[in-house]
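S.K.: For this one, chain W is given, so just place chain H on it according to the hints.
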Amino acid sequence: MGEKILFAFISVFVTLNYGYLLNGLIRKIYARVGRRHGIPFYQMYIDLFKSLGQRSNIRHGVMFYLGPVFRFTGGIGLFLFMPMIFGSKIFGNFSFSGDLILLLSFQFFGTLGMALGAGESGHPHSAIGVTRGLAQMTAVEVPFVLALMAVAIQYDSLSLHEIIAAQQGSILNWTLFTNPFAVVAAMLAVLGSFMRPPFDVVLAPQEIPIGPPTEYHSNYLVYLQSNRAIFPLAKAVLFMNLFFGGATSFPEMMLKTFLVIMWSVFVGVSFPRFKVEQSIRWFLGIPLVIGLLAVAYVQFFL
Amino acid sequence: MSLDDIKIKKVISPDGEEFEVNPLQDYFCTDRPEEIKPVRGILEKFYNWARSESIWILGFGTGCGAIEMRPLMTPRFDAYRFGIQWRPTPRQSNLLIVSGYLSVKTLKRVIRVYEQMQSPKYVIGLGSCTINGGMYFDSYNTIKRLDYYLPVDVYIAGCMPRPEALIAGFEKLKSLIKQGKAEGANDYANKFDWYKENQKAVILDWDMPDYNW
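For the record, the sequence lines run as chains W and H.
Residues 1 to 302 in our numbering are what the first sequence spells out, letter by letter.
Residues 1 to 213 in our numbering are what the second sequence spells out, letter by letter.
Only chain W is shown next, with the shape it has when bound in the complex:
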């Protein structure tokens, strides 16, 4: 057990650093698309130390403290309960037979915690931001859960470990090729949870400066920044495991998660921002239909 805890620490530490560097790189890509040089790729670390070095901070109440803690727990929890590298002892994490259900609830956990925390900060922009965030997340979940159901029915399992195992052997065993509808529905849905355009009205500085984290600073912000490093990565690992055959080595994991995240980055730099009612309508349109098709496909054709 002690060994397992040590391995968990190692895998969280490695993933956090990979997430920070990846976020820096993504900022750099955004800058290059805008024909700028942009921040150095290690700027996230300096920002982190700067935030830690702030001399004063504000208290708004207990829930204000717990908001970022919940958010960070959501990110770490999502990450820790699925295998990052298939068959690895260190990066195998605490995967167990029903983990897919737990992961679904962890996805929402952080947003809900943040809603309570941001609500207590008393800032109207936080409340508006969180309301929009929750509305959008709910719309995202519909096609996403349909895709997950399709995958669970297809492999007759709620264990990520078994789902990855079923995809091994050949690239044609990946869910991407055996059940393309589910992959398309999930990939469209996941755009909404990466907080990039066109679905970033929740955090957009130009809309409501800057939504839920308006009142958060110094140490609180460190939690939120760390979550922003680990949460998208955890999400990408989940997608890699479900749809793209998992990973058996660290470089393979890096490449696959990088490509999954790049999907949202490419969409992000190419499209303008949706209003929240537009984005909800969009998620309940094409992705929902494809999600239903995916369930019908596994039910009748596989």
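Check each hint, because a few of them may be wrong.
Partner residues aside, some chain W positions facing chain H, computed with beta carbon under 10 Å [claimed, not checked]:
#	residue
1	Gly38
2	Ile39
3	Phe41
4	Leu48
5	Lys50
6	Ser51
7	Leu52
8	Gly53
9	Ala127
10	Ile210
11	Glu277
Sample of chain H residues lacking proximity to chain W, with all beta carbon distances greater than 10 Å (derived) [to be verified]:
#	residue
12	Phe19
13	Arg70
14	Thr106
15	Tyr140
16	Lys196
It should be emphasised that the hints constitute simulated quantities derived from the structure, not laboratory data.
Every residue gets a Cβ at the ideal spot worked out from N, C-alpha and C, and that includes glycine.
M.R.: Then chain H, alone, in the frame of chain W:
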């Protein structure tokens, strides 16, 4: 906010219970700011390096000088290269740029924003107007010297200073932070009464708490 907003008033809760609200006491902090001594030694040096390399500017333009801050985000000048980023909320910002003339009405907002920022915090006065009033030297409605009202770290002279001058100003601020000389927040706390006296001398309809972090 107006004077009516800070008067003691009776409020009826959703349950029908009636109670009294004193906005200045119930909604705002009434403590004075206190000097926070920097930690000694290598840790403070490291923090100062991090603070200087990650300056978050509050996106708040007070006068026409704000127009010179916008090109800094564009490909031509690209201040992000130097670790300078814009934040939309005072809680997360470290640097307040008072960009140009400051009318008394705007001064009120600037004071509230400055006091909401977290220590250590820095102020740059941009343009001649913040130094001696500039072309508004005989205006009835603008303040003439910014450092009577807020502790200024760096002035950037000119009308208008170009974006290059602003970048030079940032570099100057960075070297001040690295040397540990940019202690404006502590100066403000130490000379709090003097600053408040100056502020209240020009802001005649003082309708906010004395210190509102």
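S.K.: Give a verdict on every hint.
M.R.: Hint-by-hint comparison with the structure:
The restraint placing Gly38 (chain W) at the interface with chain H holds, with a minimum CB-CB distance near 5 Å, inside the 10 Å limit. With its C-beta approaching chain H no nearer than about 5 Å, Ile39 (chain W) sits inside the 10 Å limit, and its interface hint holds. This hint is violated: Phe41 (chain W) has a C-beta 12 Å from the nearest C-beta of chain H, more than the 10 Å allowed. Because the closest C-beta pair between Leu48 (chain W) and chain H is about 8 Å apart, less than 10 Å, the hint holds.
Because the closest C-beta pair between Lys50 (chain W) and chain H is about 4 Å apart, less than 10 Å, the hint holds. Because the smallest distance between the Cβ of Ser51 (chain W) and any Cβ of chain H comes to about 8 Å, under 10 Å, the interface hint for this residue holds. With its C-beta approaching chain H no nearer than about 8 Å, Leu52 (chain W) sits inside the 10 Å limit, and its interface hint holds. At its closest, the beta carbon of Gly53 (chain W) sits 3 Å from a beta carbon of chain H; the interface hint therefore holds under the 10 Å criterion.
For Ala127 (chain W), the suggested interface contact is broken, since its CB lies about 14 Å from the closest CB of chain H, more than 10 Å. About 5 Å separates the beta-carbon of Ile210 (chain W) from the nearest beta-carbon of chain H, less than 10 Å, and the hint is met. Contact between Glu277 (chain W) and chain H, as hinted, is not supported at the beta carbon level, the nearest pair being about 23 Å apart and thus beyond 10 Å. With a least beta-carbon separation of about 18 Å from chain W, Phe19 (chain H) lies farther than 10 Å from that chain, consistent with its non-interface assignment.
Distance check on Arg70 (chain H): its Cβ is at least 13 Å (rounded) from any Cβ of chain W, clearing the 10 Å threshold; non-interface status holds. Thr106 (chain H), annotated as away from the interface, keeps every beta carbon of chain W farther than 10 Å; the closest lies near 18 Å. Once the 10 Å rule is applied to beta carbons, Tyr140 (chain H) is consistent with being away from chain W; the minimum gap is 33 Å. The beta carbon of Lys196 (chain H) sits about 19 Å from the closest Cβ of chain W, which is more than 10 Å, so the claim that it is off the interface holds.
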